[in-house]
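Kindly produce the complete structure, drawing on both the sequences and the hints.
Chains as they are written, first to last, in the numbering used here: chain Y, 1 to 187; chain W, 1001 to 1187.
Hints were generated in silico from the structure; no laboratory data involved. Think of the CB as a built atom: it goes at the ideal place given N, C-alpha and C, for glycine as much as any other residue. Among the hints, a few may not be true.
Residues on chain W that point at chain Y, a partial pick, calculated with CB under 10 Å [stated by the list, open to error]: (1) Pro1011; (2) Pro1036; (3) Glu1037; (4) Val1046; (5) Ile1071; (6) Lys1075; (7) Gly1079; (8) Pro1080; (9) Tyr1081; (10) Arg1087; (11) Thr1088; (12) Gly1090; (13) Leu1097; (14) Lys1099; (15) Tyr1130.
Think about it this way: if two alpha-carbon atoms lie no more than 27 Å apart in a straight line, the pair counts; the simulated DSS-like pairs of lysine-lysine are [as the list claims (entries may be wrong)]: (16) W:Lys1057 / Y:Lys56; (17) W:Lys1034 / Y:Lys75; (18) Y:Lys99 / W:Lys1005; (19) W:Lys1057 / Y:Lys57; (20) W:Lys1034 / Y:Lys55; (21) W:Lys1013 / W:Lys1055; (22) Y:Lys55 / Y:Lys5; (23) W:Lys1034 / Y:Lys34; (24) Y:Lys56 / W:Lys1034; (25) W:Lys1055 / W:Lys1183; (26) W:Lys1075 / W:Lys1149; (27) Y:Lys13 / W:Lys1005; (28) Y:Lys55 / W:Lys1099; (29) Y:Lys55 / W:Lys1057; (30) Y:Lys56 / W:Lys1056; (31) W:Lys1013 / Y:Lys75; (32) W:Lys1029 / W:Lys1057; (33) Y:Lys55 / Y:Lys29; (34) Y:Lys149 / Y:Lys102; (35) W:Lys1075 / Y:Lys75; (36) W:Lys1119 / Y:Lys56; (37) Y:Lys119 / Y:Lys186; (38) W:Lys1075 / Y:Lys34; (39) Y:Lys13 / Y:Lys149; (40) Y:Lys29 / Y:Lys186.
Chain residues, written in single-letter form:
2 protein chains.
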Amino acid sequence: MDELKFVTSNPHKFREAETILEEYGIEVKWVNLKYPELQADTLEEVVLHSLRWLKKKIEEPFFIEDAGLFIHSLKGFPGPYSSYVFRTIGNEGILRLMKGIKEREATFRSVIGLVIEDKLYTFRGETQGYIADSARGTLWGFDPIFIPKDMGGLTYAELGMRKNLVSHRRKSLELMASWFSRKVKKA
Amino acid sequence: MDELKFVTSNPHKFREAETILEEYGIEVKWVNLKYPELQADTLEEVVLHSLRWLKKKIEEPFFIEDAGLFIHSLKGFPGPYSSYVFRTIGNEGILRLMKGIKEREATFRSVIGLVIEDKLYTFRGETQGYIADSARGTLWGFDPIFIPKDMGGLTYAELGMRKNLVSHRRKSLELMASWFSRKVKKA
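Here it is in structure tokens:
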């Protein structure tokens, strides 16, 4: 029972989850599959809709994860559409939008959706930070332009493996892992 | 049989469709309803997914419409996410992204999805044009920053009712209307 399936077509996400969940004695199996995602203003809505679709195809327990960068002065843009926005206007586009704007607060948010015993659960992890003035570090998504708080002003991308210590995804994974471990112990 | 339902929560869209379809002797009934929309890179995918959901709730024949502004130098951004992008970064954000960019070509695209006799159809209308240097005219969505070709350099917003003569939505509505009229005549 200490095994969970992670449905994702993104190998980066799978590896990050594998590393973190190992610390909790949870083995992760990769299900490499794309699934429909809803247009919605919150990650929770997106995730719950996808879980309902996947429930009919995949044997539980399994989870999915969706993440987004919410920039406060841009009313949360790019938010749940981060992946599309990254593929089109990219980091350069975000930096253009933020040029000359002093209020640079942003939240990197990760929401996990889990199906277990025919029930749906969500877990939210958040990391507060700022949008950098320029892109720094090796590319993965918006990592080169996001500076998490209290990490010496380095971007996610510059932090390398140390990103895993403070990442939004670590937080949502830990919430799920500790909840899941308690549940399994009880059973 | 010369009656079609238009499912939309947007009164602007309903009025535009009503005016245009009247010319074809088609009466439009407004079904004011929100429905789920998929995250996808094409409007056709978004529309077909919504139709499948609505088919179970609404008696045919009915149609829906989705539109997007595709800016060529931004790899099609904001495309199918135009409504979210408008609500967050708005026209000001688009103008910032386009600042100093010479290649300003853009396509305003409208896709109609129609359900009739248990079948799904899509109709695409497009208007080619440019992104303006500044917003001009009364606000509705991206209308103040889109200049259609061959209309004297005025934006959609400045054209007022004359927009209906060249709009992407007129084109998709006309395609559907003429197809529908032929079908009804045959029957």
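Given the hint that lysine 56 (chain Y) pairs with lysine 1034 (chain W), does the C-alpha gap stay at or below 27 Å? Distance ~25 Å between lysine 56 (chain Y) and lysine 1034 (chain W) Cα, so the pair holds.
With 10 Å as the cut and Cβ atoms as the points, is glutamate 1037 (chain W) at the interface with chain Y? Result: holds, 4 Å to nearest chain Y Cβ.
Against the 27 Å threshold, does the CA-CA distance of lysine 55 (chain Y) and lysine 1099 (chain W) hold or violate the hint? violated, 46 Å
CA of lysine 13 (chain Y) to CA of lysine 149 (chain Y), is that 27 Å or under? holds, 22 Å
For the pair supplied as a hint, lysine 149 (chain Y) and lysine 102 (chain Y), is the alpha-carbon distance within the 27 Å limit? holds, 16 Å
Are the Cα positions of lysine 55 (chain Y) and lysine 5 (chain Y) separated by 27 Å at most? holds, 12 Å
Hinted pair, alpha-carbon criterion (27 Å max): lysine 1119 (chain W), lysine 56 (chain Y). Please report holds or violated. Holds: lysine 1119 (chain W) and lysine 56 (chain Y) sit about 25 Å apart, inside 27 Å.
Do the alpha carbons of lysine 99 (chain Y) and lysine 1005 (chain W) lie within 27 Å of each other, as the hint requires? violated, 46 Å
Minimum Cβ distance from lysine 1075 (chain W) to chain Y below 10 Å? Hint holds; lysine 1075 (chain W) Cβ to chain Y Cβ min 4 Å, cut 10 Å.
With a cut-off of 27 Å on the C-alpha distance, tell me whether lysine 1057 (chain W) and lysine 57 (chain Y) pass. Holds: lysine 1057 (chain W) and lysine 57 (chain Y) sit about 24 Å apart, inside 27 Å.
Minimum beta-carbon distance criterion (10 Å), tyrosine 1130 (chain W) to chain Y: Interface hint status for tyrosine 1130 (chain W): violated (18 Å vs cutoff 10 Å).
Let's test the interface hint: is any C-beta of chain Y closer than 10 Å to that of glycine 1079 (chain W)? holds, 7 Å
Violated hints, in rising order: 1, 15, 18, 27, 28; the structure is consistent with all others.
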